[in-house]
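**Student:** Read off the chains here:
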Amino acid sequence: MQNGESGVLNQFQRGDAAAFEVLFHQHQRAVYGWILRITRNPAAAEELTIETFWRIFSAYARFDAARGFEGWARRIATRAALDWLRARRTEGELSTEMLGEVAAPAEADPAVTAEIRRKTAMAFSRLPPKLRIAATLAVIEEQPQKDVAAALGVSVAAVKLRVFRALRLLRKDLERQGITP
Amino acid sequence: MNEDDLDRMKKLLQQALPPVKGDSEPRQDLWPAMLRRLNTRPAAQALTGRNWFDGALAFGLLGLAAFFPASIPVVLYYL
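Taken in sequence, the protein lines are chains V and D. The first sequence begins at 0 in numbering that gives the first Met the number 0 and counts up one residue at a time. The second sequence begins at 0 in numbering that gives the first Met the number 0 and counts up one residue at a time.
Treat the hints as calculated values from the structure; they're not laboratory data. Please read these numbers as outputs of a predicted model, since none were measured by experiment. Heads up, some of the hints might be wrong.
Said to hold, decoys possible - Looking from chain V toward chain D, a few residues come up when the C-beta cut is under 10 Å (computed): (1) Phe19; (2) Ile49; (3) Phe52; (4) Thr119; (5) Phe123; (6) Glu140; (7) Glu141; (8) Lys145; (9) Ala165; (10) Arg167; (11) Leu173.
The C-beta atom is built at its ideal place from N, Cα and C for all residues, glycine as well.
Go ahead and model the full structure; you've got the sequences and the hints to work with.
**Tutor:** Structural data, given as structure tokens:
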């Protein structure tokens with residue numbers, strides 16, 4: 000099995016289209032799930048999954064089979080999602096798509112009203128995309144920081160710093176609206 | 000902002016934006032859409048095509064400059 004997998008990776012590295020198809024079917028779900036965590040938008044996640052695999056296909060010559068496919072694909076997916084967040088940074092678009100997701104969690108704190116949740120989601124959508132993506136993956140999705148760091152192509156310390164800055168900016172934004180977290 | 004503040008902010012954020020379900024999958028197989036994308040703009044062809052065009056353009060401009068030196072300021076004006 001291992002030989003089969005590494006065989007596919009080696010074939011892909013040489014630009015084999017059939018190997019690309021095998022990798023697409025093996026990894027499309029994982030790539031989609033990762034992008035969905037970042038965008039919270041199923042339609043965009045599907046589009047970006049295709050964009051990610053397009054970038055993967057275009058960059059086959061730079062692929063290093065020894066380092067594995069998943070991490071490389073995840074890094075490219077994260078970059079595609081980041082580009083998407085940057086392109087859609089207008090508050091109107093973001094608020095509409097994020098508010099659809101602002102349902103009360105199963106174990107909701109009664110002190111946190113729907114209005115506070117809505118304002119928090121809106122404030123979060125106003126954060127710079129680089130900080131937002133780090134906080135989304137590390138805090139909301141609770142992904143291991145080393146995975147987040149690998150996906151963003153930065154160190155674990157840089158992830159911690161981005162999360163800290165994201166939360167500090169979020170807090171300042173909420174305080175300006177009269178909400179003291 | 001101290002550790003307690005950080006924890007409070009994390010909890011508030013998790014309340015506002017609950018995590019996406021980890022087992023989510025696309026509504027349909029994306030391979031047909033991928034194939035359409037590949038057929039519309041094959042990666043290798045797109046790259047090769049652009050290199051060929053850039054080379055031809057540069058060659059043409061060099062030829063123009065060599066045979067008609069007076070055209071150099073005109074080309075520079077439009078760059």
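**Student:** Give a verdict on every hint.
**Tutor:** To see whether the hints hold, each was checked on the structure:
1. The criterion of a C-beta within 10 Å of any C-beta in chain D is met by phenylalanine 19 of chain V, whose closest approach is roughly 9 Å, and the hint holds.
2. Among the interface hints, the one on isoleucine 49 of chain V holds; its C-beta lies about 5 Å from the nearest C-beta in chain D, closer than the 10 Å criterion.
3. Interface restraint check for phenylalanine 52 of chain V: the shortest CB-CB distance to chain D comes to about 6 Å, inside 10 Å, so the restraint holds.
4. For threonine 119 of chain V, the interface hint holds, the least distance from its beta-carbon to any beta-carbon of chain D being 4 Å, beneath 10 Å.
5. Hint status for phenylalanine 123 of chain V relative to chain D: holds, with the closest Cβ pair at about 7 Å, below 10 Å.
6. Checking glutamate 140 of chain V against chain D: minimum C-beta separation of about 5 Å stays under 10 Å; hint holds.
7. Nearest Cβ of chain D to the Cβ of glutamate 141 of chain V: about 7 Å, under the 10 Å cut. The hint holds.
8. Interface restraint check: lysine 145 of chain V against chain D, minimum CB-CB distance 18 Å, threshold 10 Å, status violated.
9. Checking alanine 165 of chain V against chain D by beta carbon gives a least distance of about 9 Å; that is within 10 Å, so the hint holds.
10. Nearest Cβ of chain D to the Cβ of arginine 167 of chain V: about 5 Å, under the 10 Å cut. The hint holds.
11. Here the hint on leucine 173 of chain V is kept, as its CB sits about 8 Å from the closest CB of chain D, short of 10 Å.
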